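Undergrad: Spelled out from the first residue to the last, the chains are:
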Amino acid sequence: MIEIRPRGSLRSLATLLTLPLLAASCQSVEFYEKGAFADPTMEFAETPAQLHWLQKVQYSDEGAAGGIGTSAGGGCGCY
Amino acid sequence: MLLITLALAVAPQVSSSSTPRTFTLPNDFGEAGTGSIEVQLGFYDRPDAQGAGNPFLDESVTVIEPIVVFDYNYSDTFGVSALLVYDNVSAASIDRLSYYPEQSGASGDWYIGADVGLRWKTSDQGSIGARAGFSAEYDYQSIHVGGDYNWERADRNGKLALSIDAFIDTVEPIRFDGTTDADEDRNSLATTVSWYQILNERTHGTFGATLASQSGFLATPYNFVVVDAPGPPDPPLFNGANGTRQEEVVPDSRLRYVAFGRVRRLLRPGMSAELGGRFYSDDWGITAFDIEPRWINSFKDGKHILELRYRYYTQGEADFYQREAFAVAPTGDATQDSDLGDFNSHNLGATWRWQTSAASRWTFSVDYSLRSDDLDNLYGLVGYQWSF
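Chains as they are written, first to last, in the numbering used here: chain A, 89 to 167; chain B, 1445 to 1832.
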């Protein structure tokens, strides 16, 4: 397995953090060009209950908590 | 002006749910008097064959979780929501306590939690939210407060979400040998920033980062590490190994860094593809990464939606993790918790969403995870959401 060292980790994190800025500079889409986003398959359809369940399953199963929901490991003894 | 008005009237509107949800409470706005009720039953099952995960510990768990989420728009600028959850847990970690009569009344198999949220639309582009909650387990209590700020670009092409959540937890450390130590504190503070963006006419996505700090008692109370020693332990270890046991010890603070993103693109009407990923690092030495492609297809004009997904997850071990028995008794941090070990997993999942009417939707979802440490698991849910 590839081992990621702290310096590489910070670099990767910095790269991912700049993605929103890159995204913000993307093509401007006018309101009349947004038909694709009304397609039902384009909906990020997870409900709060589904998110809650996914958060609990993954956080109690894996060492990495965060990025799903808001708890990042708090609030649960999780078995 | 007439043309613009006409264009606005016929242009497809992007629903608020087109943006990925960040919170486990609803935070969308709607017309006064509208809302929704969501009922869901989650299930999780992890059998433990001898030698899987921690070879000395039976880590089998089965959980059934009913949950109810209520949401109501008191006005078009103010809404309330509530979440109630109960877990029925059957776990080897609880069964182990039956070895010790003095703990028979303290062991339990339940979790209950409640959260309430309020949200205000402060302007055409901005909103704020506040939430609070409480949860309790047989050996764990938690108080939660949190808040968020959301801002949307005027052209609706981008949306910023900032959130901060604090958890003030109390742990009753019931140890592996049945002894109970004095209550300990565990405090967590997590802040997340995420940005939703329409990237082009057929693609949108979200990117974000979470920074979380935890302090206090962070060990799993009943966990132990095995020190190689002659003679059979009492009670016997899971795989019949020899050895003596001592408590798991982990650092009393933890700083987690997470970056995540997902991008979805419409391939053709009724078919989309998504690529998601997450990178994680913490000061316990764990680094983790996952990548998750999805394929989403609709049938019968969107009445049925099928999502198929695959997730690859890999993590490195914590600095103080060791799978094998310790040759000599460790004097510092030491764990054999498989969650903190080195493993990867392949997860296959499917979700079927059935829109039975404009106001009601069923969701059926199942996932199977194949782990390199053999702690495979199956989980899923059945949910129903009714909007009024």
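Among the hints, erroneous ones may be present.
[Claimed, not checked] Partial pick of chain B residues on the chain A-facing surface, computed with a CB cut under 7 Å:
no., residue
1, Asp1568
2, Val1671
3, Ser1716
4, Arg1722
5, Tyr1823
Since the hints were derived computationally from the structure, they do not count as laboratory data.
Every value quoted in this text rests on a predicted model; they were computed, and no experiment measured them.
Each residue gets a CB set at the ideal place from its N, CA and C atoms; glycine is no exception.
Undergrad: For each hint, tell me whether it holds in the structure or not.
TA: Each hint tested on the structure:
{"no.": "1", "hint": "Asp1568", "result": "violated, 14 Å"}
{"no.": "2", "hint": "Val1671", "result": "violated, 23 Å"}
{"no.": "3", "hint": "Ser1716", "result": "holds, 4 Å"}
{"no.": "4", "hint": "Arg1722", "result": "holds, 5 Å"}
{"no.": "5", "hint": "Tyr1823", "result": "holds, 5 Å"}
The structure is inconsistent with the numbered hints 1, 2, although it conforms to all the rest.
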